[in-house]
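Chains as they are written, first to last, in numbering that gives the first Met the number 0: chain R, 0 to 652; chain D, 0 to 301; chain C, 0 to 216.
Just so you know, these hints were derived from the structure itself, not from any lab. What you are looking at is a predicted structure, and each value in this text was computed from that prediction instead of being measured. There could be a bad hint or two in this list.
To be verified - Stretches of chain R that chain D covers, calculated by requiring three or more beta carbons in the stretch to come under 8 Å of a beta carbon on chain D:
#	segment
1	141-153
2	480-494
Stated by the list, open to error - Here are the in silico distance ranges between beta carbons for each label pair:
#	chain 1	residue 1	chain 2	residue 2	range
3	D	Arg275	R	Leu462	36 to 44 Å
4	D	Arg169	R	Ile466	55 to 63 Å
5	R	Ser596	C	Ser91	53 to 61 Å
What the hints assert, rightly or not - Sample of chain C residues at the chain D side, in silico, Cβ under 7 Å:
#	residue
6	Tyr92
7	Thr100
8	Leu101
9	Leu105
Glycine included, each C-beta is placed from N, C-alpha and C at the ideal position.
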Amino acid sequence: MILFLAAAAILCAGGLSALVASRSARVASCLGAGSAIVGCVLGFIAAARALAGHTEFLRLAWDVPYGSFNLGLDPLSAFFLLPVFGLGALGAVYGSRYLLAFREKKSLGPPWFFYNLLVAAMALVVAARNGVLFLVAWEAMSLASFFLVTFENEREDVREAGWTYLVAAHLGNAFLLALFLLLGNGADSLDFDQFPHPAKSGVLFLLALVGFGTKAGFMPLHVWLPEAHPAAPSHVSALMSGVMIKTGIYGLLRTLTFLGDPPPWWGWTLIAIGITSGVLGVLFALAQHDLKRLLAYHSVENIGIIALGLGIGLLGLSYGSPALVVLGFAGGLLHVINHAMFKGLLFLGAGAVVHATGTREIDRLGGLLKKMPLTGFTFLVGAAAIAGLPPLNGFVSEFLIFLGAYRGVAAKGAGLIVPAAAAISGLALIGGLAVACFTKAFGVVFLGEPRTEDAARAKEPGLAMRIPMALLAAGCFGIGILSPWAISFLGGVIGILAPFDPGVALSNASRSLSSFTTGAAVLAVLIGLFAALRRALLAGRSVEAAVTWDCGYARPAASMQYTASSFAQPLTDLFGLLLRTARHVAPPSGLFPSHASLATETPDLCREQVFQPVFRSVDWGLSKVRWLQTGHVHLYVLYIALTLVVLLAWEIA
Amino acid sequence: MNIAGLVHVVGALIFAPFLLGLINRTKAIFAGRTGPPLFQAYFDLLKLLRKGAVYSRTTTWVFRAGPVVSLAAIVTSLFLVPFGAQPAPLEFEGDLILFAGLLALARFFTVIAALDTGSSFEGMGASREVQFSALAEPPLLLGLATLAPLTGSLSLSGMLAGISGGTWLRAGPALALACAALLVVFLTENARIPVDDPNTHLELTMIHEVMVLDHGGPDLAFIFYGAALKLWVLGAVLIGILAPPQTGLFWDATLRLSGMAALAVLTGIIESTTARLRLVHVPQFLAGAGVLSVLALLLVLR
Amino acid sequence: MNMWIDSVLVFLVLTNFLLLGSRRLAARIRLSAAQGVLLGVLTILVHADNIGLRTLLLAIGTMTVKAGIFPWLVRRALRETDVRRSVEPFLSYTLSVLTGTLLLGLSIWMSSRLPLPGSQAGSLVVPVAFFSIFAGLLLVVSRKTALMQVLGYLVLENGIYTFGIALAYEQQLLVELGVLLDLLVAVFVMGIIIFHISREFDHIEVDRLSTLTDYHP
């Protein structure tokens, strides 16, 4: 606990000193990044100790009604602290180089202050054991990330994105406030351990689902996500996408521990949300042209996969099947870590691409693997991991969720089979579409010939940006190969969520995974064998270089390559009803057409069809009471006085 | 690891190209031709392995890694499929998920190797490949899910060994539907009519073939061999359901081998008698396979 | 025996799906004829323990009417209106098939909830009957040509027949007579409508009938 507090203190102090030292970009970077790295390393050690079984609590008095400074580090908290501090440190290393590009235009003190504040607030959210403290930390987290999102606030789209994010975050907060008030109804304080047994757990579950789901990015509450994540600087995108949205998952899980035995419909709801978020997330990702926006939609998809895992776990609790509980929760939780790794990696890679070429448009890139070999290789690892391919970590967590769903199908119980079968087909479709999406993203950005001058001039970023990417890529391999050992750490976490000892079921899963690693070893040996065979066969023979075969066309050009839009077009057309892609076509005309163009754009369905109409009608309704706002201060005082009098009268009567 | 199961791996490595010969011979008979020799695929492979290579200047190491990784992934998937009552070398709960994952890995590398050439034709083929295989994924995994409640097992070896004549009597319609769904997956994944035509010679209409246009020499041999093995491995799963073991090792092996041959002949017949679907109609075909697998599952669970 | 009944019912479900996904008029008519044959076989299979004259007659009658007369009528209407092209439906074919899957799930769920008397035909017959009814309704709602709507009604009626055969055999004749009568009327009316519409407007798309309305926004 002392380590944890020290970490938080170092983060805050470092952030403040960076703010003070704003004048010099280099000093601010050193202070901000240095303290973030030191704080995160300390915090990581504290979290690892807690995960290994040293559960610790700390209670300090706090002069806030219902509040207390009540912290706890149990395995569940510690588990979510790992990505907070892990990715926090790597993001800081990366950011120390990445942000320097802005030093001519911007002061670097504020972004480092808010970065450190964001990491500290996330740590506090996960460790808080009091409702008031939790909400304060939650708000600090939202605000810090808001200021990071609006870092490039001179751009119109960034301000727009920040505004959307701020509104969405606070609408979510309103639900959380209601949730905690209802949870603590009748207790002296909002300490988590003093919550009485809840009466209407269904309502509380729904409140938590909406409140935390807004942060996590469940469809259709995800609308802020594809706006805000691309707008932020890349290391912040990585932190937000990789870790911050997971605090929503943490909140949901923590709330579940208060609510008692779950009825089956909770699991069904989560599975339905998971399939919707997963399938629609990856479909919208396919239709995007902006690399970071594509990645942001994939966060929605992966949150969907996590929700599927949690849903299966909940169904296991409802129907009393320990195997299901362990597989579902283990898969979902492991995916939290895995997603933090590969999504962090991919955002950092995208940041390196933006850094080198100045554009996020996929169709303006190409051929970057030759210029940026390490970025390209790590991006490939991340792409294969997020597509759920063996032997990487993404496959392992999806494997556990799949296995849970198959267990559900084999269990023969009507309430279990339908959602389990739906989960299988949903996950299968998500996996297939993710392969499509990431072959597109990697293939068009890194392979082929550069499509523009900017892409042709790209070069590898500095060492501070390469090291975090290399480490994360190694982590993707590591968790994949060490999976049987890695999931043994989940026992303590699942023990908090389930009323039984998960050991037996966990060791079963671990056995499957160790066979899987044997398969991975076979794969590795075979790859080596075939590569050696190929080398031996080609040794001493003629190996020539030529142009790509293009059906005899004499003058191939880079602009003739297949674009990302064309690549995704069959799938986006197939699901056109959902995506509603708008096309702007200027067809060629005449015998010697001089100009022709085709532009497509896929706005978010929920934003266009659900939220905008609602907000417009609210706007319209409120404009009817606009006459109240006269601009005369004395009238405002009158309103306040009138309100007070009315309230007083109501209270007396 | 189950050493005896390795016999199947070795057998598949030897016999897989023969299936291609059988398919082509069937098609030739239907067309009234003599057709190439049954062992033509072996000759082609040997010829390709003896050649040098030409690489496009656009390509990178990804292009060279593509065939190697794809072939390795497909050979690894062979380790998961049992043959007869003999369990696979690698058998564990959920190995069917790894099976699907390995096929996806092979596809991923074939596709990015195609994109590495920068050719618009190969991009087009890659785009179609990812679309169709994405839609083929649910029928594959749901079709196999049908076997889980029937046999009470979650590994491919357990599932296929658990099916007996009795299972067919008890749940014949469901199994037949699952097999139909898997047959569609088999045809799609192996780039066969009615989804793709392995014999087409126009780049614009190809799917799988166009993705490998730029490969040559040993690389192309790896790709051909990988395709033959993929045909075998998916066929072995299908035949495993259709021809349940139980009769002793020798008869099992005979039954399976003749089953594989029959499947190759059936593929030839399908290719000779049906027309290729228009590309925009393929998703409906695959959705139909998905419906079949859902129906199979509903029948088992009711 | 149950396995054979199940197989026939599965084929019934498959023909429904094919009807939802098929693009060719001729194929659709063949499919609805196939449903007639299946229903005839089903009639015999369900009452296989005591095949009487009535069962036989009913089976033969069903097959003649559903697999012979109706398809012939529809084909004739087709010939007279001389419609060969297929009109894209309101709901695309792929989506119709996927909607069909949902409807199948709905039928299974509904039949597990409804307090129906047990049947000797196995537990699959009620969901399949429901599904046929739903599929017929879906066809009627989502297709544009009057001809497809006639086929939709036929499918719907097949569902009702399946229901009757399994659950109300005692009143079978009554049920069936009533249903057949309904249907004859429907087919004749539709036949006349199709014929006249085509004479007046030269095509048989229902949604263009909306131009006949008084309401002009």
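Right, here's what the structure says about each hint:
1. 141-153: violated (count 0)
2. 480-494: Violated, because only 0 residues of the segment 480-494 of chain R bring their Cβ atoms closer than 8 Å to Cβ atoms of chain D.
3. Arg275/D x Leu462/R: 36 to 44 Å: violated, 53 Å
4. Arg169/D x Ile466/R: 55 to 63 Å: holds, 60 Å
5. Ser596/R x Ser91/C: 53 to 61 Å: violated, 28 Å
6. Tyr92: holds, 6 Å
7. Thr100: holds, 5 Å
8. Leu101: violated, 10 Å
9. Leu105: violated, 12 Å
Hints 1, 2, 3, 5, 8, 9 from the earlier list are contradicted by this structure; the remaining hints agree with it.
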